[in-house]
Amino acid sequence: MSFKVVLVILVVLATVCVFLFVSVIFIKLRQIRRERQRNDEIKFLKPILRKFFAEETVDFFRNHIQGISKLAGRLKEKSSFQTLESILLDILEDSEGETKVRARTIAYQFGFPDNTLFMIRDRLTGNIAIGCRKAGLYNSEEAIPDILKTLDILSSNTQFQALMALARIGDSATMAIAFDKINPLIFVNERAVNEMLNIFRGDRLDLFRKMIHHKSDYLVRLFIKAIDKETANELIEDIILIHRKGNKETRLACIVAIGRSGNSRKNYILINAMRDKEWEIRAMAAKLLGDTADPDAIGVLAAAARDREWWVRQNAVTSILSFPNREEILISITQTGDKYAFDSMQYTLGKANEINLLARIREIKLLLSSEQVMRHEDTAEAASKKRGSQAAFAGVRPTTSRKPVNSRNPDTRVVLSFKG
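To get the numbering used here, take the position in the sequence shown, counting from 1, and add 672.
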C-alpha cells in the first residue's frame, strides 16, 4: 500500500472523528440550551397555573376560558406548549379532587387530549405507550377503542401503559375486556396489577367479581391476591367456592383473602386449612389464625407446632403468642416432649424477646427430662428384679460371667447370666 493511500485513509478517519466530536458537542449544547429554555418556561408557567388553581371554584369555571386564551397568546413556541402539557400531566398523576379536574379542564382547552389519539395510532411502540399514558391521565373515553387495539402489540411497556390508562378511565367492563385480550400472553406481573387497581376509580366490586371468575388461573390469583378487605367481605362466598375447586396456588391466594376479610364467621375455613396436605397452605393458615385469636383455633395451632415442616411450626408458635392463655398452650406443647416443637418455641420466643416465657418452658423441659431419666432408671431396675425373680422361680443355676472371678478379691461381684 502506497504512502498516499495510507495518508488519504488517515485523513478520512481524522475527518470522521472530528465530525463525530463536533456532533456530540453540538448535541450537548443543544440539550443544555433546551434545558435552560424549559426551566425558564416552567418559571413562567407555574405562577400562572398556581393562580388558576387558587381561584374559587365559581371564579375558575366562569373565567377559565378567558384566562386560558390569554395564556395561549403568551406561548409563542411549540416547546412552550410541550412544557405546559408536561406540567399538567405531572399534576394529573400526583393530585386528586378538584385540582385534577382543573388541570384536565385546562388540558382540554388547549386540545392536548386530541393529540394523544395520533400518538396511540403511531407505528412506534414508544409513542404508542406515551399516548396511552396521556389518554389515561386525561380520562379520554374516546381513546378507549384505540387503547384496546394496542393490546395486540407484543410489548410489555405498551401493555402496561394501556392497562394503566384503562384503569384511570375507570370502566370495569372495558378492563375485563382488556384482560381477556392479553390472556394468551400476559406481560404484567403482580406488582403491576396492584398498581393498576390502586388507581382504578370505577366499580371495584364489579371488576373483582368478573376477574376472580376469569378462565385464566393466573389472572384469578392476581386479583384475589390484590383484593382489599371490603371487597373480600362482599365476595367472600365466591372466594370460598374458588378455594374449594382451585389448585395449590389458587387455594393459597384464597386463604390470604379470607384472612384479610376479617370475617370471623369464616375462621373455620382457616382452621380446616391447617389440615391441608400442602405445607404452604398450612403455614399461611397458621399465620392468619394469629390475627383472629379464635379459641377454636388453639387445638389446631398446638398440633401445628409439632408439624413436620419448619415454617408451619414457626407460624403456629408465633400465632399462639397472640392468645391470652399462650403460656398454658406452650407449656402443654412442651410437655409432649416433641424436640422439634421445643426448638421452634425457643427460636420464636427468643426472636420475640419473650424472655420470661422462654425461661418458663425451658424450666418445664428440664423437669420433664429429669422425670424421664428417673422413670427410665426405675423401669430398668424393675426389669432387672423381674428377670432375677423369673430365673429363681425357674430353678436356673446362675453362673459367673465370662471373666474369671478373683477369689482373693472379696469385692468381686457375681453377674448372672441365663442359659437356655
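Honestly, the hints are just simulated from the structure, not real lab data. Keep in mind that the hints are not guaranteed to be accurate.
[Said to hold, decoys possible] The calculated lysine-lysine pairs, modelled on DSS-like cross-linking and capped at a C-alpha distance of 27 Å, are:
| hint | residue 1 | residue 2 |
| --- | --- | --- |
| 1 | LYS887 | LYS938 |
| 2 | LYS887 | LYS897 |
| 3 | LYS676 | LYS723 |
| 4 | LYS887 | LYS949 |
| 5 | LYS676 | LYS718 |
| 6 | LYS959 | LYS897 |
| 7 | LYS920 | LYS938 |
| 8 | LYS748 | LYS723 |
| 9 | LYS715 | LYS700 |
| 10 | LYS700 | LYS723 |
| 11 | LYS959 | LYS853 |
| 12 | LYS959 | LYS901 |
| 13 | LYS715 | LYS676 |
| 14 | LYS897 | LYS917 |
| 15 | LYS700 | LYS772 |
| 16 | LYS949 | LYS920 |
| 17 | LYS750 | LYS715 |
| 18 | LYS897 | LYS853 |
| 19 | LYS959 | LYS1023 |
| 20 | LYS821 | LYS920 |
| 21 | LYS748 | LYS718 |
| 22 | LYS715 | LYS748 |
Which of the numbered hints are not met once you compare them with the structure shown?
-> 3, 5, 10, 11, 13, 15, 20
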